[in-house]
Amino acid sequence: MQAINKYGFYGQIILLVVLVMLPFIITSSYLNHIMTLILLWSFVATAWAYMARFGMVSLGHGIFLGIGAYFPTMMFNYWSFTPWIGIWVGVAIAVATAAVLGYACFRFGLLGDYFALVTLAVAEVSALTIMAFRETTGGSLGYTLRATGKISDMQFSDKRVYYFIALILLIGAVYIWRRIDRSPIRLALTAIEESEIAAASLGVSVIRYKMMITLLSAGLTALGGALYAQYVTYVSPDTIAGVGVSLSVCFKAILGGMFTVLGPFVGSTIIVALEEYVRISMGASFLGLSQIIFGISLLIMIIFLPKGIMGSMSLAISRKLNRID
Amino acid sequence: MFEQILMALINGILLGGVLALLAFGLNLIFGVVKIIHMAYGQFVMLGFYFIYTFHTSWHIPLLLAMALGIAAMGLIGILTQLLVINPLLNAPRLNQLLALASLIIVVENLAQVIWGADYRGIPLSMPIIQFGEIFIRSSFLIAFIGAIVTLWFLYLFLNRTYLGLGIRAVAQDLEMAKGMGINPKVIYYITLMTGGALSGLVAAFFVPIYTVHPHFGASFTLMAFVIVVFGGMGNLMGGFISAFIIGIVTSVTAVLSSKEVADIVALLMFIGMMMVRPEGLLGTES
Amino acid sequence: MLNVHDINVFYDEFQALESVTVKIEKGQTVIVVGPNGAGKSTLLRTIAGLQKPRRGSIEFEGHRIDRMEAHQIVEGGISLVPEGGRVFPHLTVMDNLKVGSYNKGARPIAKQRLPQIFQLFPVLADRRNQRAGSLSGGERQMLAIARSLMAQPRLIMLDEPSLGLAPLVVNMVFEFIKSMKQEGYTVLLVEQNANKALKVADYAYLIESGKMVFEGKSEDFDKNPYIKTAYLGL
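Residue numbers (my numbering), protein chains in the order written: chain P, 2 to 326; chain G, 451 to 736; chain C, 51 to 284.
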């Protein structure tokens, strides 16, 4: 294990340096745009995996993305409320929503696939709510952020600013992941996953720890949604709320491996890149085809690599190292 | 206003019959294979497209096209068992759930690539029946009667045949069923085939009512879930009753406010039920 | 007739049976006694194909059955009466019996078989349309046995049929096992109730922690001082 940690540490330093240099080396604004999307989705997928790796697989994170995306955007468009503060309002609302939902779920002891199904329904409710208030939200047609180009409105002339914001957020999310790993929460929640009763007998306040992770995950997800909206300057229930995006976030994390810290990053990179590649090389009319390939590869992954790419890789590496030792 | 609500009530009951059929398929699969078929509504969508293609492009008479569509969906059910469910039979429940969820992506985009994003339908003029101030679309009535008759046949199949008995035995106690000489693999294939064919049948009933598009199935997947959970997962009778409850509630709410609010109400009923009584309306614990 | 040769059975990493060998001749009633958790049920489950041995072989009437699926083994003529009268609680008594005759060999003669079964167990005839879950423990055990007889087995295996039953009912069950022998069935019975079981047995095995520790005729068991004190309470 020691050896992996050492390699892993150097690997991460190199990765970080590369990520910081990348926007200066690659000047194509299109590629920079893709890289920014990758980092944003990596951030969201990492936040999603906070919960999932402890057995709370949410298929409803779209509601947090949606809250984070819609509230600051609408507050800015209608009241000229600066997103610099509006974002935090969105995050706060998302955290409050998560508190209500999470408490209800954990209080009633919803586990495993029941939890997944309830959160899936919640995601659908979020999309339907946007549709129901179509006069204010734009409904399924979506909603465009008013352009001012002012830094005070969080609009930058150099789009690369968002790349670095996303990078800082991702680093933050990874740091929090590591902190959770070292905290008693991790031990307690791993115990929960093995057996709720065992954890309870250890004197662990199961609900409290689950709530902490849930609020953290929801808040960061909303932050990701908010920045996505500010960056893309367009929101719609298909792209940032509802079932589709909820599943897409969880698939990104699962593909990369939701039990490893860089898994969601790897998964997001592969999926965003794959989508873009197929879209460019086959044209927009074949967008569906890329999604079919994506869906099938997910199926194959779930069947043959249930731990995800990073999970399976680190397992293979540790086996190899153990053999050498 | 009163007539409108009464008509919504009647439509809710009529549509409830078709939803009961849909819920039956989902329930059967859950009860026997212990898998939640996340893409069940998408199967209905696929069945609809099959019938559309058979009739519109291949010029097969409509009823024959429907029969072929139902058969094709039965085949898709078998393929789902073979390619997706069999390899995951012993996997964690969540992996099964996600695998079937990724099937949503595959099926929806397949429809998008083959048939495009446009709304497609088979124009049929079906008479409207009038009782005083009340108007009932005969397409709804036919769908309702067809669904009830089908459910009756399914009831007989489950209760009067060895195969049906085998299905019920596997649903109750897999290991014991094996010990009685039942091959569960065969039962699984038959269950998925029946479930697939049912989704095709629901699609056939929908042909005179709706037009189809690649995202047509999503709302039916959720509706079927809501009904199944509300009635108790794996409880066929519970599913039957709750189909009518949900059918009426959504239909009346839609008239009073909007389609979205109706769906939200149904989903909130589902969420509430999951929390307070996860075993459902008629379910028993364990 | 049945030849279990040197089998090892595991549940994941836990070894439940270690080089277990059991032989049964046609028409015999053979019992396996032993304490709770010794591996008695595992032995029956393995013969029935519900568990696979990692080593060794099982032959029935000259055919290897240890790699067969459970449903094939039933068709081959072995029927298991599971522990605790495990019936299908939501099915009627009638349907439970019908499930018993599910295998291809038993189906055509199920109609003739049913009156015979009802003659043997009149109580089941009275309750034929009740859900099996509503039966008493003894009735369930009867139903489980009757269901196995519906399968037209040549070897019938009973897993602790007396467990949790009132003494009077236990006597009935053992009387019944005796009468099955007279009808020509080959019986493999596992029991904690060694006293009663030995009285009906032609040959017996003692299993402890997954290993066969003693075998012989009933008289041999009665003579063994260790078994006398540990199992027969003498």
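FYI, nobody ran anything at the bench for these hints, they're computed from the structure.
Careful: at least some of the hints might be erroneous.
[What the hints assert, rightly or not] Across the chosen pairs, the derived CB separations fall in these ranges:
(1) P:Tyr278 with G:Pro537: 55 to 65 Å
(2) G:Gly566 with C:Arg157: 44 to 54 Å
(3) G:Pro537 with C:Ser107: 26 to 36 Å
[Stated by the list, open to error] Part of the chain P face toward chain G, derived, beta carbon under 8 Å:
(4) Ala100
(5) Thr130
(6) Val233
(7) Ile297
All values reported here derive from a predicted model rather than from experimental measurement.
By construction, the Cβ of each residue, glycine as well, lies at the ideal position given by its N, Cα and C atoms.
Checked hints:
no., hint, verdict
1, P:Tyr278 with G:Pro537: 55 to 65 Å, "28 Å, violated"
2, G:Gly566 with C:Arg157: 44 to 54 Å, "51 Å, holds"
3, G:Pro537 with C:Ser107: 26 to 36 Å, "30 Å, holds"
4, Ala100, "15 Å, violated"
5, Thr130, "7 Å, holds"
6, Val233, "21 Å, violated"
7, Ile297, "6 Å, holds"
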